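Protein chains in written order, with the working numbering: chain A, 49 to 544; chain B, 278 to 419; chain C, 6 to 122; chain D, 22 to 583.
To be clear, the hints were calculated from the coordinates, so they are not data collected in a lab. For clarity, every value in this text was computed on a predicted model and none was experimentally measured. It cannot be assumed that every hint is accurate.
Here chain A is said to cover these stretches of chain B; the calculated rule only asks that three of the stretch's residues, wherever they fall, bring their Cβ under 8 Å from a Cβ of chain A [unchecked claim]: (1) 323-329; (2) 338-344; (3) 349-355; (4) 372-379.
FRET-style restraints, in silico, Cβ to Cβ [claimed, not checked]: (5) D:Gln71 / C:Glu90: 51 to 57 Å; (6) B:Thr348 / A:Val469: 43 to 49 Å; (7) D:Pro515 / C:Gly57: 24 to 30 Å; (8) A:Leu77 / B:His340: 28 to 34 Å; (9) B:His310 / A:Gly118: 51 to 57 Å; (10) D:Phe568 / B:His340: 29 to 35 Å; (11) A:Pro333 / D:Tyr510: 45 to 51 Å; (12) D:Lys86 / C:Val28: 53 to 59 Å; (13) B:Thr346 / A:Lys95: 19 to 25 Å; (14) D:His108 / C:Trp61: 51 to 57 Å; (15) D:Gly546 / A:Val509: 23 to 29 Å.
We put the beta carbon where it would ideally sit given N, CA and C, even for glycine.
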Amino acid sequence: MIATQLPALQIIIPLFAAPIIVLVRRSELAWIIAVVANLMCVLVAWKLLGLVNEQGIIRYSLGGWAAPTGIEYYVDSVNAPLLLLVAAISAIVLLYAYHSVKKSVDSNKHYLFYAAWMLCLSGLLGMLITGDAFNVFVFLEISSLSTYMLIAFGSDRRALTASFRYLVLGSIGASFILIGIGFLYAATGSLNMLDLAQRIPDASSERAILVAFSFISIGLMIKSAIFPLHAWLANAYHHAPITVTAFLAGTATKVSLYVFLRFLFSVFGTQYNFEYLLFNVILLPAAVLGFLIMSVVAVFQTDLRRMLAYSSVAQIGYIVAGISLATQAGLTAGYVHIINHAMIKTALFMSVGCIIYRLGHAHRPSLDNLIQTMPLTCAAFIISGLSLIGVPLTVGFVSKFTLIGAAMEKGWWMMAALVLVSSVLAIIYIGRVADVMLFRKQRLPNPIPQGRNEAPLSMLVPMYGLIFMSLYLGVYGSKTLAVASEAATQLLGGFR
Amino acid sequence: MKLYPRQRHRVLQVITKLIIPFVMLFALYVQFHGDFGPGGGFQAGVIFASAFILHGLIFGLQHTRSVLTPTMLRVSMAVGVLLYLLTGVVSMLRGAEFLNYDVLLHDPIHGQHLGIFAVELGVGITVYAVIVSLFYGFASKR
Amino acid sequence: MAIVMNGKKITAAFAWVESPTAVHMAIKILAGLCALLFLLDIIIHRHTYVPGEGMWGFYTFTGFFAFTLIVLGAKQLRSWILRDENYYGEQSVDSEEYPTSQLDIQNEPAVDRENDQ
Amino acid sequence: MTWLIPPLIFFYGAFLCLFVGRTQRTFITLLAPVIALVSLLMLPMGNMAQVQFLGFELIFIRLDKLAFVFSLIFIIAAFLAAIYAWHVNDKIQQVSTLLYAGAALGGVLAGDLISLFLYWEITAVASVFLIWARRTPAAYATGMRYLLIQVGSGVLLLAGLLVHYNDTGSILFEHMGLVSTGTLLIFLAFGIKCAFPLMHNWLQDAYPAATVTGTVVLSSFTTKMAVYALARGYAGEEILIYIGAVMTLFPIFFAEIENDLRKVLAYSLNNQLGFMVVGVGIGTELALNGTAAHAFCHILYKSLLFMSVGAVLYRTGTSKASELGGLYKTMPITMVCCLVGAASISAFPLFSGFISKSLILDASAKNGYYLVWFALVVASAGVLSHSGIKIPYFTFFAHDSGKRPAEAPMHMRIAMIITASLCVIIGVFPSLLYQLLPYDVAYKPYTTSHVLAQMQLLCFALLAFVFLMIKGIHPPEVRGINLDSDWVYRKILPTTLSAWAASAMSVANTWRIGLQTQASEWIIGIRRLSSPGGLLAKGWGVNSMVFVVTLLLLLVLFLNLF
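Produce the complete structure using the sequences and hints provided.
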């Protein structure tokens with residue numbers, strides 16, 4: 049019986065946890081409830097993935113109302129792996145968060161923090177799992193609102209402005225999506241994605257569809273921080289509590305990208321003729337400029353969080369580059385990088401979190417010789433950094449390799465070359481940090497206390513768990529690639 | 278926002294005391310009539326909250342806070358959401374989909390009745406608590 | 006000849022190298038050897054692949070002149086490309102000393118000058 | 022068995038070294054090559070350790086005679102370097118040495134381009150720590166330059182292999198030849214590591230900056246791995262002959278006037294690589310045998326030379342010829358070993374260089390490359406000048422510098438003596454080496470005409486040296502830097518860039534904005550835009566963000582609707 053209820057449980061568990069946390073209020077208990085709920089989510093997502101692999105698409109009508117009328121949850125090989133990814137990353141960061149949150153967030157607000165986290169998680173999972181266009185918007189709002197709140201928990205006042213800027217941009221994005229869905233509804237009379245995909249080809253007004261398409265694309269581009277619309281991201285990632293940054297970096301933009309993929313390929317996918325323009329005129333330049341310019345910007349940043357934030361935008365550029373190829377190989381590359389980058393970036397932000405936990409800052413020039421005091425943290429940063437660069441045997445290599453292969457397969461040599469150029473930039477910005485950590489003699493009088501001063505074990509263990517997971521998937525890259533290629537086939541084939 | 282001290286505006290204070298019960302009653306009407314006529318949890322919640330907001334405007338925030346403490350608001354918020362979710366979960370436990378009210382009682386029509394009723398009550402409680410919290414939040418800012 | 010090492014006098018194994026007679030002798034031996042090799046060319050017929058290789062004294066001339074030209078060429082090259090050691094500033098290892106903490110320098114200053122004479 | 026292949030043994034050693042104390046580390050560095058040797062000898066010929074990766078079949082072990090001879094000498098070199106580095110108590114150096122040696126070994130054994138690329142990059146990353154381990158700002162900067170170039174080579178290799186795969190559908194690492202863009206890119210990648218002319222400068226830049234023991238290790242692997250790769254992929258490619266000829270000639274002049282002895286050796290390394298590249302270019306069985314043999318001998322005697330100069334540096338704190346001299350008095354054993362190395366590299370009969378170099382010379386002569394042959398003969402005289410005479414003469418003899426260093430430590434002496442003996446043994450019993458070579462070619466190095474010709478060449482070159490010294494024509498050793506192609510990226514680029522920047526500042530207000538200032542403005546602009554607070558990097562205000570959103574929306578709507 050449980051098996052049939054899994055899609056609903058995926059959302060309900062974190063949603064349930066939130067009010068209970070508010071009622072309980074004690075911070076330790078709140079954390080425990082959040083962790084337990086999150087682990088259950090992981091379990092559910094794991095089961096769902098297994099079920100999808102076994103029996104194909106799973107559909108779940110909410111409230112017993114059948115599909116085109118009611119809201120439907122729809123799990124296939126595209127979103128099932130992402131459900132697991134988001135739930136797992138959230139769980140890992142949450143396990144890691146306890147000490148970090150204790151230090152950076154006011155103790156009588158912990159329960160609100162974890163409640164918001166749970167809401168955010170259920171919003172993200174909801175965006176992934178739902179098969180209803182309007183429901184996507186609802187879950188988008190749930191996750192966004194709780195995200196604004198989480199960001200505003202940041203320790204200094206700039207967190208508030210960062211959160212506010214994100215709120216304005218995020219709301220614009222969300223309303224664009226809403227407008228687009230409205231147009232779609234007006235043109236087709238349906239909100240169910242599956243139904244939409246069938247109705248769009250013979251919709252009464254093609255213009256309405258086009259307008260809907262434009263609005264939804266732009267809205268989702270804002271939410272997924274694709275290059276010229278990325279400006280909210282750096283501040284938000286910089287000033288939010290570092291655990292929130294780690295969580296968001298691995299999940300929020302990735303989920304938006306998934307919705308983008310869904311709309312592009314599954315919903316509108318039947319009409320390639322007008323998407324051609326979007327792919328070649330908007331997405332491709334955005335992707336290429338994104339990963340080049342943002343990598344350059346990352347090189348010059350002095351704060352690690354900002355550096356990684358810009359590098360995130362650059363990495364999203366790779367994903368979009370894969371998407372804009374619009375081929376099986378390209379989508380596989382984009383999809384696999386969604387998974388891989390989520391793991392890499394979360395691990396990187398977690399290691400920065402350890403640094404901040406001990407030093408109170410993440411200012412690159414003052415991390416002289418950090419390896420002496422925090423060897424494990426530095427090792428984690430460097431290993432994940434190598435993965436970001438795309439050194440062989442890491443997940444970064446798997447995605448970059450497939451991306452370059454896909455670009456070449458389509459004959460876009462230039463793009464393949466530019467991807468390599470941007471990898472060199474990644475070497476530079478990660479190298480600058482590694483250099484300071486490993487080799488720089490202490491120049492300032494006493495910036496870092498001497499002797500071992502490693503972050504607590506409760507932070508290190510989840511971080512290394514994630515790193516080992518990503519290393520494993522780097523060595524056995526064909527596993528994730530198989531998943532991604534299955535997803536790409538599903539996306540290109542439209543709804544089945 | 279300027280809050281009026283207690284000893285002034287006697288007329289307003291007396292009238293307010295008279296009105297508040299009716300506002301609440303109307304809110305409850307909108308709440309429980311929602312499944313048949315216009316209304317429902319959102320509207321009812323806002324109307325219910327407006328009773329407290331009016332109280333706060335006339336008698337001062339301190340006074341209202343002692344009537345309806347922030348702790349109660351917090352609990353109401355959580356309870357509202359839980360009520361909503363529990364309704365869904367009960368239908369799940371009875372072997373149907375989440376929020377499928379058909380199975381709540383012996384026959385689908387009564388089940389739908391009860392389901393809507395419970396869910397809307399949850400919504401109402403949460404909305405009122407959130408609106409009052411917003412009022413507290415803004416009003417206590419100088 | 007004796008030199009002082011760690012306060013003790015020791016005898017250098019190859020001290021004879023520095024005596025002027027030995028140097029002269031060595032040069033004479035080398036000259037003799039060269040003359041011999043030069044003459045051997047007449048007696049021994051070398052097996053050759055390259056035209057001109059079998060020419061009388063080919064290797065001797067090549068050796069001598071190639072060496073001379075290389076040295077002269079290098080000298081000229083130096084006049085063009087020699088720069089101060091600090092030319093590249095801090096970016097260059099040429100302008101810095103090897104960090105002595107990583108070495109085990111046991112270097113007695115030459116106090117044995119008088120003993121030598 | 023897959024888990025006990027030779028490269029992995031080195032990696033296991035490196036991993037173990039991370040966790041154990043000093044004594045154990047030293048033993049691990051010694052033991053790893055021994056176990057790897059046993060493992061190598063037990064491997065059957067053919068392909069092994071095939072692994073599926075991203076849908077490709079990687080062949081981590083492809084053992085044939087060519088790979089075997091290179092693997093063998095790599096393992097020997099690692100062992101000798103470990104003895105020499107007995108005193109080192111530096112985890113970073115020991116770990117990176119093992120990683121580096123293992124990766125170089127892996128590169129030689131790799132049977133496909135992807136695993137080659139893998140090892141190619143590991144050698145780059147692992148070896149740079151041997152430079153950084155000097156722990157000075159200059160060493161850091163040098164290491165960074167080295168790393169950029171090495172990784173650049175890896176990137177070229179990756180690009181090339183992708184193009185090649187796209188063209189042919191095969192990632193097997195076998196003979197390719199210069200036939201397409203892909204193979205050209207791979208060729209360039211190999212060329213950088215092999216220090217082709219104008220791509221050579223990382224070698225002279227980086228090797229003198231490494232630690233005493235690091236240079237010994239560095240000199241053995243990277244370039245020889247590249248030579249192997251060329252021999253595998255581009256044997257018989259004619260252009261290599263001319264590249265090789267240029268490589269043998271031009272470093273001689275630089276080596277002749279260079280003051281830092283380790284840099285002299287780096288130049289001479291470049292020159293010796295030239296011989297090997299010529300051998301690859303000719304590509305006949307004889308020539309490839311010559312290349313393999315020369316690589317084998319060269320690793321030994323070049324290690325020996327670096328060891329002896331390193332020992333001098335270790336005892337005196339300098340390796341500059343102008344600061345040294347007269348050390349024979351207190352370092353006689355080092356001096357003798359250095360002389361053996363010098364004799365070997367100069368290819369005196371009975372020393373190892375003689376028996377390997379003649380193979381390549383004969384191959385070029387037999388195939389009619391007379392001009393190249395002559396260049397090699399001239400270069401042989403040149404080798405004598407800088408490595409054969411200059412290194413020992415200015416270090417151990419010449420004018421007395423007044424330095425009285427102690428003899429090299431025991432372990433260094435042992436390492437040098439073993440290496441020197443190997444040089445002599447191979448020189449005296451060439452068949453020991455010849456039977457390892459990839460092809461069965463009956464070749465006799467010790468014929469009268471060979472010995473006579475070589476002796477004539479060398480003795481008259483020596484005579485010229487004596488003559489030039491007596492006449493005072495031979496250039497004295499002076500301190501200084503000699504410019505080389507690295508001048509472009511170390512001096513011109515930085516200075517012109519800053520000059521451009523300066524001129525851009527001064528003439529920004531005037532009408533004179535030419536191409537140069539434009540370019541400089543771009544550079545300044547990128548920096549300004551990208552630094553924290555710059556346009557691209559600051560958090561934009563809400564207004565500008567919304568403006569961009571609107572603009573993009575209009576663009577998309579316009580494109581879609583019209």
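Each hint, compared with the structure:
1. For the segment 323-329 of chain B, the proposed coverage by chain A is not satisfied: 0 residues have a C-beta within less than 8 Å of a C-beta in that chain, short of the threshold of three.
2. Using a Cβ-Cβ cut-off of 8 Å, 0 residues of the segment 338-344 of chain B lie near chain A, which falls short of the minimum of three, so the contact claim is violated.
3. Counting residues of the segment 349-355 of chain B whose beta carbon lies closer than 8 Å to any beta carbon of chain A gives 4, which reaches the threshold of three, so the coverage claim holds.
4. Chain A is given as covering the segment 372-379 of chain B, and this holds because 8 residues of the stretch bring a CB closer than 8 Å to a CB of that chain, at least three being needed.
5. Between glutamine 71 of chain D and glutamate 90 of chain C the beta carbon distance is about 53 Å. The supplied range of 51 to 57 Å therefore holds.
6. The hint said 43 to 49 Å for the Cβ distance between threonine 348 of chain B and valine 469 of chain A, and at roughly 58 Å that hint is violated.
7. Remark: the range hint 24 to 30 Å for proline 515 of chain D to glycine 57 of chain C is contradicted by a beta-carbon distance near 49 Å.
8. Between leucine 77 of chain A and histidine 340 of chain B the Cβ separation comes to about 33 Å, which falls inside the hinted range of 28 to 34 Å.
9. For the hinted restraint 51 to 57 Å between histidine 310 of chain B and glycine 118 of chain A, the CB-CB distance of approximately 25 Å leaves it violated.
10. Between phenylalanine 568 of chain D and histidine 340 of chain B the CB atoms are about 47 Å apart, so this pair departs from the stated range of 29 to 35 Å.
11. Range check, proline 333 of chain A to tyrosine 510 of chain D: Cβ separation about 31 Å, and the 45 to 51 Å hint is violated.
12. The hinted range of 53 to 59 Å is not satisfied by lysine 86 of chain D and valine 28 of chain C, whose Cβ atoms lie roughly 48 Å apart.
13. A beta carbon spacing of about 42 Å between threonine 346 of chain B and lysine 95 of chain A contradicts the range 19 to 25 Å that was offered as a hint.
14. Separated by about 54 Å at the C-beta atoms, histidine 108 of chain D and tryptophan 61 of chain C satisfy the suggested range of 51 to 57 Å.
15. Taken as a hint, the range 23 to 29 Å is violated for the pair glycine 546 of chain D and valine 509 of chain A, whose Cβ atoms sit roughly 45 Å apart.
The structure shown violates the earlier hints numbered 1, 2, 6, 7, 9, 10, 11, 12, 13, 15.
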